Amino acid sequence: MDKVVHSAADAVADIPDNVSLSVGGFGLCGIPSVLIKALLDKGVTGLDVTSNNCGVDDWGLGLLLREKRIVRMTSSYVGENKEFARQYLSGELEVELTPQGTLAERLRAGGSGIPAFYTRTGVGTQVADGGLPWRYDDAGNVTVASPKKEVRDFDGLDYVLEKAIVCDFGLVRAWKGDRHGNLVFHESARNFNPLCAMAGKITIAEVEELVDPGELDADNIHLPGIFVQRVVPLTPDQADEKRIERRTVRQKQEA
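Here UniProt numbering is used: position 228 in the sequence shown is 228, and no number is missing along the way.
Hints should not be assumed to be uniformly reliable.
[To be verified] With a straight-line cut-off of 25 Å between C-alpha atoms, the simulated SDA-like cross-links for lysine to any residue are:
no., residue 1, residue 2
1, LYS82, THR248
2, LYS163, ASP153
3, LYS149, ARG108
4, LYS3, ALA189
5, LYS149, VAL166
6, LYS82, GLN100
7, LYS3, PRO224
8, LYS148, ASP158
9, LYS176, ALA218
10, LYS68, VAL142
11, LYS82, ASP57
12, LYS68, VAL144
13, LYS242, VAL78
14, LYS242, ARG179
15, LYS82, ARG135
16, LYS37, LYS68
17, LYS163, THR125
18, LYS68, LEU132
19, LYS176, ALA239
20, LYS201, ILE221
21, LYS176, SER112
22, LYS82, ASP41
23, LYS82, VAL4
24, LYS149, GLN100
25, LYS82, LYS3
26, LYS201, PHE26
27, LYS37, ASP168
28, LYS37, LYS242
29, LYS37, VAL4
If you're looking for bench data, these hints aren't it; they were derived computationally from the structure.
The model shown is predicted, which means the values in this text are computed figures rather than measured ones.
Input sequences plus hints: build the corresponding full structure.
Rendered as structure tokens:
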């Protein structure tokens, strides 16, 4: 039951090229930055990644993207990464843009053994009708577009069929975790992490604080250990290194 692996390098050592990854985080909040760096150092390439976004140019998944280790992204938002836009528009990267709630539910469904589900989101748009550009060539022509999806009437309303997402590996970051893989996330850093953990066939969690089984209040556990296969405890320096995309401040008002 002890799932602790004492280094990120050891935790990702068996991840080969050309696999699919579900990666937690929202923007740069709650991203498994240590595991991402370990993958970068290992030299893994040909990655098909599902994550809400793709980091920024110099942090998070943006590090893998910069080295052209990612060949396909399934995301809901990609606006903070100029290199992402460049690769996509020049035909170097395939991108499946998915409505954010739909992306979350596709991940949850994959982890719950649900192969597909119907949703109102996207009805009457290219999400359902097909034709969204997934890949361009270097001349700006669309070479791969999204397919038309099944639409079905329920009680007089149309719903589009969306398929679940299951990935070979899941990478997440938690605030606290025990040796059995039970995880607790801190406030907004929970975001996509539980869903990406559920969607991974083998999920690796980096945790800022490792505790022994029984120390976590069972009522406060956000993700049960059944969804986690490996736990990597972070050093204090690794746990403290967190970034945000943009810092917005105002001048302190005088009393």
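Hints, verified against the model:
1. Our distance criterion of 25 Å between C-alpha atoms is met by LYS82 and THR248, whose separation comes to about 20 Å.
2. With a C-alpha separation of about 17 Å, the suggested pairing of LYS163 with ASP153 holds against the 25 Å cut-off.
3. Distance hint between LYS149 and ARG108 is fulfilled; the C-alpha atoms sit about 20 Å from each other, no more than 25 Å.
4. With a CA separation close to 22 Å, the supplied pair LYS3 and ALA189 stays within the 25 Å bound.
5. Taking the CA atoms of LYS149 and VAL166, the gap is about 19 Å. The hint holds against a cut of 25 Å.
6. Our distance criterion of 25 Å between C-alpha atoms is met by LYS82 and GLN100, whose separation comes to about 21 Å.
7. Between LYS3 and PRO224 the alpha-carbon distance is near 13 Å, which keeps this suggested pair within the 25 Å criterion.
8. A C-alpha spacing of about 14 Å is found between LYS148 and ASP158, which places the hinted pair at or below 25 Å, so the restraint holds.
9. For the suggested pair LYS176 and ALA218, the alpha carbons sit about 13 Å apart, so the restraint of at most 25 Å is met.
10. Taking the CA atoms of LYS68 and VAL142, the gap is near 20 Å; set against the 25 Å cutoff, the hint holds.
11. The straight-line distance between the Cα atoms of LYS82 and ASP57 is roughly 7 Å, inside the 25 Å bound, and the hint therefore holds.
12. Proximity of LYS68 to VAL144 is assessed by CA-CA distance (about 19 Å); at most 25 Å being required, the pair is judged to hold.
13. Straight-line distance between C-alpha atoms of LYS242 and VAL78 comes to about 19 Å, which keeps the hinted pair within the 25 Å bound.
14. For the proposed pair LYS242 and ARG179, the alpha carbon gap of about 24 Å is at most 25 Å, so the pair holds.
15. Between LYS82 and ARG135 the CA atoms are separated by roughly 17 Å; this keeps the pair inside 25 Å, and the hint holds.
16. A distance of roughly 14 Å separates the Cα atoms of LYS37 and LYS68; the hinted pair therefore holds under the 25 Å criterion.
17. Taking the CA atoms of LYS163 and THR125, the gap is about 17 Å. The hint holds against a cut of 25 Å.
18. Of the supplied pair hints, the one linking LYS68 and LEU132 holds, its CA atoms being roughly 23 Å apart against a limit of 25 Å.
19. With a C-alpha separation of about 11 Å, the suggested pairing of LYS176 with ALA239 holds against the 25 Å cut-off.
20. Pair hint LYS201 plus ILE221 holds up; C-alpha atoms about 20 Å apart against a cutoff of 25 Å.
21. Restraint check for LYS176 and SER112: satisfied, since their Cα atoms lie roughly 23 Å apart, inside the 25 Å limit.
22. Between LYS82 and ASP41 the CA atoms are separated by roughly 22 Å; this keeps the pair inside 25 Å, and the hint holds.
23. Restraint check for LYS82 and VAL4: the C-alpha separation of about 36 Å exceeds 25 Å, so the hint is violated.
24. Proposed proximity of LYS149 and GLN100 is supported: the alpha carbons are some 18 Å apart, at most 25 Å.
25. The hinted pair formed by LYS82 and LYS3 fails the criterion: a straight-line CA distance of about 38 Å is larger than 25 Å.
26. Using a Cα cut-off of 25 Å, the hinted pair LYS201 and PHE26 holds, with the two alpha carbons roughly 21 Å apart.
27. Restraint check: the Cα-Cα separation between LYS37 and ASP168 comes to about 18 Å, which is no more than 25 Å; the hinted pair holds.
28. Straight-line distance between C-alpha atoms of LYS37 and LYS242 comes to about 13 Å, which keeps the hinted pair within the 25 Å bound.
29. Proposed proximity of LYS37 and VAL4 is supported: the alpha carbons are some 19 Å apart, at most 25 Å.
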